[in-house]
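Novice: Per our numbering, the very first residue in the sequence shown carries number 4; after that it's consecutive.
Hints are computed from structural coordinates only; laboratory data are not their basis. These numbers come from a predicted model, not from an experiment. Hints should not be assumed to be uniformly reliable.
With a straight-line cut-off of 25 Å between C-alpha atoms, the simulated SDA-like cross-links for lysine to any residue are [to be verified]: (1) 85 to 43; (2) 42 to 24; (3) 119 to 65; (4) 119 to 64; (5) 85 to 62; (6) 42 to 94; (7) 85 to 97; (8) 119 to 166; (9) 64 to 125; (10) 42 to 82; (11) 119 to 77; (12) 64 to 100; (13) 64 to 95; (14) 119 to 189.
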Amino acid sequence: MKRNLVPLIVIAFVVAIVSTFIFYTLFLGKLKSASSAPKQTIVVAARNLDRGTTLQPDDLKLAPWASPELPQGSVSTLAQVKGMTLIASVQQGEPILLARVASRESGAGAGLGITKGMRAISIHAVDSSGIVSILRPGHRVDVQLVSSQGSLPELRTILQNIEVLAVSPTGETRNANPVITLLVNPAGADMAGLGDSGARLRLILRNPLDEGTTNLDRVTLPGMMSSKK
Numbered sequence: 004m005k006r007n008l009v010p011l012i013v014i015a016f017v018v019a020i021v022s023t024f025i026f027y028t029l030f031l032g033k034l035k036s037a038s039s040a041p042k043q044t045i046v047v048a049a050r051n052l053d054r055g056t057t058l059q060p061d062d063l064k065l066a067p068w069a070s071p072e073l074p075q076g077s078v079s080t081l082a083q084v085k086g087m088t089l090i091a092s093v094q095q096g097e098p099i100l101l102a103r104v105a106s107r108e109s110g111a112g113a114g115l116g117i118t119k120g121m122r123a124i125s126i127h128a129v130d131s132s133g134i135v136s137i138l139r140p141g142h143r144v145d146v147q148l149v150s151s152q153g154s155l156p157e158l159r160t161i162l163q164n165i166e167v168l169a170v171s172p173t174g175e176t177r178n179a180n181p182v183i184t185l186l187v188n189p190a191g192a193d194m195a196g197l198g199d200s201g202a203r204l205r206l207i208l209r210n211p212l213d214e215g216t217t218n219l220d221r222v223t224l225p226g227m228m229s230s231k232k
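Start from the sequences, fold in the hints, and give me the full structure.
Specialist: What follows is the structure, encoded as C-alpha cells:
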C-alpha cells in the first residue's frame, strides 16, 4: 500500500509545483504590465487660484491621473492654458478644464463658445415649435418681433444671421415656450431682451450658406392688404 502511495504523492507534489509556478508567472506578468503601462498626466493647479487669475507656469503642474478616463476638457501640457484667465476659482490639485478658462482671442473656453465682444442671451420662441424641433446649436436664424398696436399686429425682423448656442424645447423648462440661447452683439442683446420682455419673438431658420442681410421694413396687416402686386 505504501509503495502505491509514493507515486501518487510524487505526482501531487509535481502538480502543486507546476500550478504554483504558473500562478506566480501570470500574477507577476500582470503586475509588470500594469507597472509598465504608460501613466496619463494632466495639468492641475499648483496652488489655490482665484477667479480672474492669469495662468502662469508657476500656477500649474503636471500630475498623474489614475483613472483610465480623463476629465472632460482637461489638458496635458502647460502651454495649452498658459496665459489664459480663470473664469472660476480652482483649488490646489484640481484639474484645469477648458470650460473654466478664457483667452483674449477666443473670449471663452470650449464649454461656453462666447467670443470676445459678443453676448449670449436666451429668448422665448413663440409660435416657433416647428422650427425649434429641428433647431440645433450652430444653426443660424433670423429673429422676428411681433407686437400689437391697438388691435392690429405688427411684425419686424430685428436680428439676422444669428448663431444658436443652445436649444431648450417645450417641456424642459418651466415656461411653456421653448427657450433659445443666441450669440449676439451688445446691440442685438438689447433688442432681443426688450422684444422678449414686451412683445413676441419668432425664429426663422436660415440656409447655413446664406450669410446675407437686408434692410426689412415693418410689416402690418393694413399695409399688406393695401399693397399692390
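Novice: Which numbered conditions among the earlier hints are violated in the structure presented, ordered from lowest to highest?
Specialist: Violated hints (numbers, rising): 2, 3, 4, 9; every other hint is consistent with the structure.
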